[in-house]
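Engineer: Taken in sequence, the protein lines are chains A and B.
Numbering of the first sequence is given in our numbering, commencing with residue 1 and proceeding in unit increments.
Numbering of the second sequence is given in our numbering, commencing with residue 1 and proceeding in unit increments.
Do not take every clue at face value.
As the list claims (entries may be wrong) - Pairs of lysine to aspartate or glutamate, EDC-like flavour, derived with a Cα cap of 20 Å:
{"#": "1", "chain 1": "A", "residue 1": "LYS98", "chain 2": "B", "residue 2": "GLU109"}
{"#": "2", "chain 1": "A", "residue 1": "LYS98", "chain 2": "B", "residue 2": "ASP62"}
{"#": "3", "chain 1": "B", "residue 1": "LYS78", "chain 2": "B", "residue 2": "GLU96"}
{"#": "4", "chain 1": "A", "residue 1": "LYS81", "chain 2": "B", "residue 2": "GLU109"}
{"#": "5", "chain 1": "A", "residue 1": "LYS98", "chain 2": "B", "residue 2": "GLU104"}
{"#": "6", "chain 1": "B", "residue 1": "LYS42", "chain 2": "A", "residue 2": "ASP5"}
{"#": "7", "chain 1": "B", "residue 1": "LYS42", "chain 2": "A", "residue 2": "GLU41"}
{"#": "8", "chain 1": "A", "residue 1": "LYS98", "chain 2": "B", "residue 2": "GLU68"}
{"#": "9", "chain 1": "A", "residue 1": "LYS98", "chain 2": "B", "residue 2": "GLU96"}
{"#": "10", "chain 1": "A", "residue 1": "LYS57", "chain 2": "B", "residue 2": "GLU104"}
{"#": "11", "chain 1": "B", "residue 1": "LYS42", "chain 2": "A", "residue 2": "GLU9"}
{"#": "12", "chain 1": "A", "residue 1": "LYS98", "chain 2": "B", "residue 2": "GLU53"}
{"#": "13", "chain 1": "A", "residue 1": "LYS98", "chain 2": "B", "residue 2": "GLU44"}
Bear in mind the hints are in silico, worked out from the structure with no lab data behind them.
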Amino acid sequence: GQNIDQPTEMTATEGAIVQINCTYQTSGFNGLFWYQQHAGEAPTFLSYNVLDGLEEKGRFSSFLSRSKGYSYLLLKELQMKDSASYLCAVLPSGGYNKLIFGAGTRLAVHP
Amino acid sequence: EPEVTQTPSHQVTQMGQEVILRCVPISNHLYFYWYRQILGQKVEFLVSFYNNEISEKSEIFDDQFSVERPDGSNFTLKIRSTKLEDSAMYFCASSESGTPGAGELFFGEGSRLTVL
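Chain A on its own, in the form it takes in the complex (with noise of 0.2 Å):
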């Protein structure tokens, strides 16, 4: 079957650093996306990992471990514009970008 948890609900403080985790059991694996949703509106692509490493991007970041079926998304220096839900999205093998949502994590940054 196919599995993807992470944590409902988060709360941080502006400025802060804020790691989201997420794991996975799917059948195959091309790779894990992390994206961004804020309410009512249309998710946005925030990085892709297929090796395990960690990849840099700005203020995020995101690690995967395959091994550990594991990826966080660290996001550093928030900012209130950073509340959102935060989607953790797995390719399993074959399919065109067929991807497999977690429910999201919805990240409360406050002052």
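Mind docking chain B on chain A? Use the hints.
Structural biologist: Structure of chain B alone, referenced to chain A:
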């Protein structure tokens, strides 16, 4: 910046009616998708489309659903006879490549369908 556009942004319909949701993918993209998100739930894959035919579809995408690329720019999702459980946000997406992971998915703003 190029974007995926969708119409309508919100549609309310009666159960049993046909609905067509429209999408204009990014112009140089070749792969098109529909995803949906029931309120408060996960984003779910419905169908992928390439070279004028369905590449893959999920178990959600039953005989009530169909997709079409009627011309060089539009990509449509038709629901033949809507049910209450079809109420959701429907996202169109496109990508330049179909290679797993190589083609970033660009999502449209979504069409919210409400079935009464």
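Engineer: Determine for every hint whether it applies to the structure shown.
Structural biologist: Here is how each hint holds up against the structure:
no.	hint	in the structure
1	A:LYS98 x B:GLU109	holds (19 Å)
2	A:LYS98 x B:ASP62	holds (17 Å)
3	B:LYS78 x B:GLU96	violated (24 Å)
4	A:LYS81 x B:GLU109	holds (18 Å)
5	A:LYS98 x B:GLU104	holds (12 Å)
6	B:LYS42 x A:ASP5	holds (11 Å)
7	B:LYS42 x A:GLU41	holds (14 Å)
8	A:LYS98 x B:GLU68	holds (18 Å)
9	A:LYS98 x B:GLU96	holds (14 Å)
10	A:LYS57 x B:GLU104	holds (15 Å)
11	B:LYS42 x A:GLU9	holds (14 Å)
12	A:LYS98 x B:GLU53	holds (15 Å)
13	A:LYS98 x B:GLU44	holds (9 Å)
Hint compliance for this structure: hint 3 is the single one not met.
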